[in-house]
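Chains as they are written, first to last, in our numbering: chain A, 176 to 300; chain B, 442 to 952.
Bear in mind the hints are in silico, worked out from the structure with no lab data behind them.
Heads up, the beta-carbon is just placed ideally off N, CA and C, and yes, glycines get one too.
Take these hints with a grain of salt, some might be off.
Unchecked claim - Using 27 angstroms as the maximum straight-line C-alpha spacing, the simulated BS3-like pairs for lysine-lysine come out as follows:
#1 B:K639 to A:K236
#2 B:K609 to A:K294
#3 B:K609 to A:K236
#4 B:K639 to B:K773
#5 B:K639 to B:K778
#6 A:K236 to A:K294
#7 B:K609 to B:K778
#8 B:K819 to B:K614
#9 B:K819 to B:K894
Claimed, not checked - Over 10 angstroms on every C-beta distance to chain B, these chain A residues come out as not near it, computed from the model:
#10 I198
#11 Y203
#12 Y290
#13 F297
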Amino acid sequence: MLTAYVPILILFAFMVAISLIIIVLSHYLSSRKYSSRERFEEPYECGLSTGGIKPGRYPVKFYLVAILFVVFDVEAVFLWPWAISFQSFREMGYSVFWYAEMIVFLGILLVGYVYLVGKNAFDWK
Amino acid sequence: MTSMEFSPQTIDFTAIMPIIIISAGILVTLLLPFAAKGRAKIINPLVALIVLLAAFISSARIWDLGRASFDGMYTADNATLFASFIFIIVAFITVIAITARYCPFLRSPDGEGLFASPEVFPLMLTVVVGAIVMSASRNLILTFLAIETLSIPLYVLAGMNLSSERSKEASLKYFLTGAFASGFLAYGISLIYGAVGKLGYHAILDACSPTAADYTLYAGLALVAVGFGFKVALVPFHAWVPDVYQGSPALISGFMASLVKAAGFTAILRFFGEGIVPLYGIWWVAIAIIAALTMTVGNLMALNQIVLKRLLAYSSIAHAGYLLLAVLIIGKEWSEKGVTAGAPLGDAMQCAFFYLAGYVFAIIGSFAIIWWLTPSDKEGALLEIDDVRGLNDRHPLHAALFALFLFSLAGFPITAGFLGKFFLFASALSHGFILLVVFALLNAVLSAYYYLKIIVAMYMKSAPEHASLCEEPSPNPWIYAVVWTCTLATLWLGIIPASILGLLGSVSVGG
Numbered sequence: 176m177l178t179a180y181v182p183i184l185i186l187f188a189f190m191v192a193i194s195l196i197i198i199v200l201s202h203y204l205s206s207r208k209y210s211s212r213e214r215f216e217e218p219y220e221c222g223l224s225t226g227g228i229k230p231g232r233y234p235v236k237f238y239l240v241a242i243l244f245v246v247f248d249v250e251a252v253f254l255w256p257w258a259i260s261f262q263s264f265r266e267m268g269y270s271v272f273w274y275a276e277m278i279v280f281l282g283i284l285l286v287g288y289v290y291l292v293g294k295n296a297f298d299w300k
Numbered sequence: 442m443t444s445m446e447f448s449p450q451t452i453d454f455t456a457i458m459p460i461i462i463i464s465a466g467i468l469v470t471l472l473l474p475f476a477a478k479g480r481a482k483i484i485n486p487l488v489a490l491i492v493l494l495a496a497f498i499s500s501a502r503i504w505d506l507g508r509a510s511f512d513g514m515y516t517a518d519n520a521t522l523f524a525s526f527i528f529i530i531v532a533f534i535t536v537i538a539i540t541a542r543y544c545p546f547l548r549s550p551d552g553e554g555l556f557a558s559p560e561v562f563p564l565m566l567t568v569v570v571g572a573i574v575m576s577a578s579r580n581l582i583l584t585f586l587a588i589e590t591l592s593i594p595l596y597v598l599a600g601m602n603l604s605s606e607r608s609k610e611a612s613l614k615y616f617l618t619g620a621f622a623s624g625f626l627a628y629g630i631s632l633i634y635g636a637v638g639k640l641g642y643h644a645i646l647d648a649c650s651p652t653a654a655d656y657t658l659y660a661g662l663a664l665v666a667v668g669f670g671f672k673v674a675l676v677p678f679h680a681w682v683p684d685v686y687q688g689s690p691a692l693i694s695g696f697m698a699s700l701v702k703a704a705g706f707t708a709i710l711r712f713f714g715e716g717i718v719p720l721y722g723i724w725w726v727a728i729a730i731i732a733a734l735t736m737t738v739g740n741l742m743a744l745n746q747i748v749l750k751r752l753l754a755y756s757s758i759a760h761a762g763y764l765l766l767a768v769l770i771i772g773k774e775w776s777e778k779g780v781t782a783g784a785p786l787g788d789a790m791q792c793a794f795f796y797l798a799g800y801v802f803a804i805i806g807s808f809a810i811i812w813w814l815t816p817s818d819k820e821g822a823l824l825e826i827d828d829v830r831g832l833n834d835r836h837p838l839h840a841a842l843f844a845l846f847l848f849s850l851a852g853f854p855i856t857a858g859f860l861g862k863f864f865l866f867a868s869a870l871s872h873g874f875i876l877l878v879v880f881a882l883l884n885a886v887l888s889a890y891y892y893l894k895i896i897v898a899m900y901m902k903s904a905p906e907h908a909s910l911c912e913e914p915s916p917n918p919w920i921y922a923v924v925w926t927c928t929l930a931t932l933w934l935g936i937i938p939a940s941i942l943g944l945l946g947s948v949s950v951g952g
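Chain B with its partners taken away, still in its complex shape (with noise of 0.2 angstroms):
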């Protein structure tokens, strides 16, 4: 690690080019809704999407080049890069989305019980910006100040639709559990700071010594991982998720389970893979418990949900225990071998991208038809099993489509979610985690039992003969665009995932 004297010629502006575009973005955001009035206000959205379009652009620019900034504090490495990429394209489909249903200038006849903030693009905006910074960050504090960053927006993205109470609750509810969360994550940095004395990574790695035992920098690692933990909703610091998830408008958990669990999970390799790697016979443990405990909880308490938004919740949360499998292989394969800088990211890393952009689309596509499938976010919040019965006969685009990201989310062939799993669990077997690959499977056969009992129901059974929730389905074109850009990356992962694969391979420690 060079000196902490900070000098403005570490600042490498083409790196960080994505954060100045979609910040300057914001500000545009923000103040555009003043200077148009009625139908022009379509331009803010536009805006929004050009300058996700533009910070995309940007970052496949210096795909491969290995950039960094401030010294290294800032990476914008390949696997940062991918997870960009990951992170705008959602933004994209939501955004779309969202001024499809939500905007009062741009609504649809069927109307809507709106909540009218021109305020949700630069919100959504400056989630990616927080996501991006989380992915690249190489430095504790640059990390807390990303996790923030994230986290603030989406306390108000979740609260957004102010006619809901659900909405708020959930809103309160996240507010506090993550509010706690930055609390662990902040004293756990400060006791690292405490023992090591530096807070880059690469400093932590160099100062960590798998032999002289160092408490007060355990107990700060234990701190820090929990406050990722909360983060992204692993057992037993999960229990926010199900309340949240189902009260924020569904476009809202699909964005939060798919791109901050991305984006938790970007973290907490980079942090524990170019972090505290030497200290891995000591986290390991540890870490394949909570990832036992995380996938079969998340199953468990999956099983007898029956309203599908808390269905779906649950889902995701034994699909983070899954990803922490990753964490293990790479502590594994980065402790045996050391890390260098330019290195490639192994397969470890691979899978876990691949696994994280298989997940995403198929999450964020099954809340994107909730909400298709329901009025609005009063009845999404409750659509129940027994409400999709017989789903097919009325609706078979929708009940086709849901069946699709079921299917993903529960790893079945021909899509992403299978090789995902596949990719994974097969690493994890050939680094030596039988009992835990073992104890993974398990779970995969206990949630297609929920996964497919949703399938069944709406395919085998007949509809309810009470009025169900989902009798009219919105007509808003603009769904097509999360729902088919959903599709298609599901099926193009799981049929040729060479392409990605390929673009995975090339992913490298950065220098």
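Pulled out of the complex, with its shape left as it was, chain A reads as follows (with noise of 0.2 angstroms):
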């Protein structure tokens, strides 16, 4: 059973070989020149000089522009398995139960969505 691992474990050691080998080797082979000292305070950019610290800004709407898509997408992910399972569902004569637990779980979501309108979350200027 545990044959099944060697490739994984073939591969692990991949991994491990290829890091410490360009590592050492960028050990021998690269020129050094030590920049002045306050290059050692600046944040590691994978060893070209940044560019310093940008925070930089955004505008908040992406950020409800994600929590908005939380809301729908969730939505549409549960509604593929319930459409798919109305069959089951039917067979057991429970197609009334099938409908209310959308409709619960929709309602619970229409709530999000009038709370976000409410917030005024739709408002972009």
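Fit chain to chain and form the complex, with the hints in mind.
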């Protein structure tokens, strides 16, 4: 049974080997130029000199977009298996239950939507 | 365990009625502020209170019935219901106090830099739903979901005071450690599923064999234990506690220290007791070491704290250590006798719940006193032992009640804390954990030092010359709701324990 894991073991070996080889190679092959002292206090960015710390500004509405996405995406994700399961519920004689479940779920999501509208989340200027 | 097939017949709506009611309350309280304007917003916390009351009644109605729902995945046995009562009472008094202090539409004349979000109420109700489901869950996926339902609103609540940097810091720290813990939990659950192929506690119970070593299962259990450990702040997963409890608004700290710890421990007791009890021989050493470490580190760190909220935070860590004794007792008892549905929970569960009830009211009362003494959360987060020096001369009532809660936490007679410790240690002793009980007793002595330090400062020292942070306690009358409820509960449990013990005696394993 454990033989199934041999490829994974090989993969691990490769990972370790390659990282070791690259570190050792870069140690011997790279030219060494120590830059001024301040360089060491900057964030390390793969050996390149950094462009400095730039927090930047981005509109907060992107954050709202992400939340809206969750509301509507979760809805879609659950609608799909729900729709597929209709047949088996009908065979058990639980069609109404099947329908009511989704109505409750959508109702809860609708509350989230109304809350967002109330908070003026869609009021993009 | 019955088949994996889900069928709607297994849904028992009476069993889940409390959480249905509270969930409906969440939706209502979320939308109500848009409809109500100005002072009419008082209706929002009122709805929250009515909802909690209704949930309490609907829980009380199924007491002793041993209902279960979703094919045994959700069980409303008496252990769940007793825990639910604690959660609902704690939420009830916190809602009253928070409304009084922070809501602009209800602000008392003293004013307050407030965090004026009506979202507090739906968030707190969500925490209660999570806590109830946590204590009722007998399935790892449901437990995981419940823990998330409980945790995510708490991250927001911790950062509720937007004007305070400490509050934001607390929120971020709590969120990061919480997310980390969830990762451990999820990975552990996936390993357990890989090893056993089932997620229900009873299925895991059947699959666990103490003889055949299954290291995937062990690794999964260890990771799940780490996840739980983060949630209830066991050493070495406790580092977030002091900062989070200090930074959060005092009442939210009390809410976290009481409700979350109680919910976490009911979930732990259920998982270790009903799920992996056959492996008791394997996990007891780890739990015993963590218990000893948790109480010792918690108490040692509390010794030198000067900020009251941090001191209480470390003391709450130590209490988690004592409570782990109950896990060991249950493991020992049930691994010897075997768990059968309908069997009485035995004195282990009884003393665990009694201890929890006593602890919950003492800790939330202590945080409420800090909250009461300081004009706003900024001062509350910095209130030091020096500031309460001579408090008895200035505000005798505050000092007396604070002393009562501290006595209860330290475990002095006539308070709930004394009997809680007594029952717990006696039970542990009778199950043969002699070394650990000696350790716990030494720790209890150690803890008395720092609790008494505060009491000495309040009663035997003169007031500080410099301006104290607690010169002007908030005159807000609503705080009485919290403080007197806690006082009453602490004394009631300490003087007439039989009433609660009788209730707990009928607690049994759900069918």
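*Could you tell me which of the numbered hints above are not met by this structure, giving the numbers in increasing order?*
1, 7 and 12
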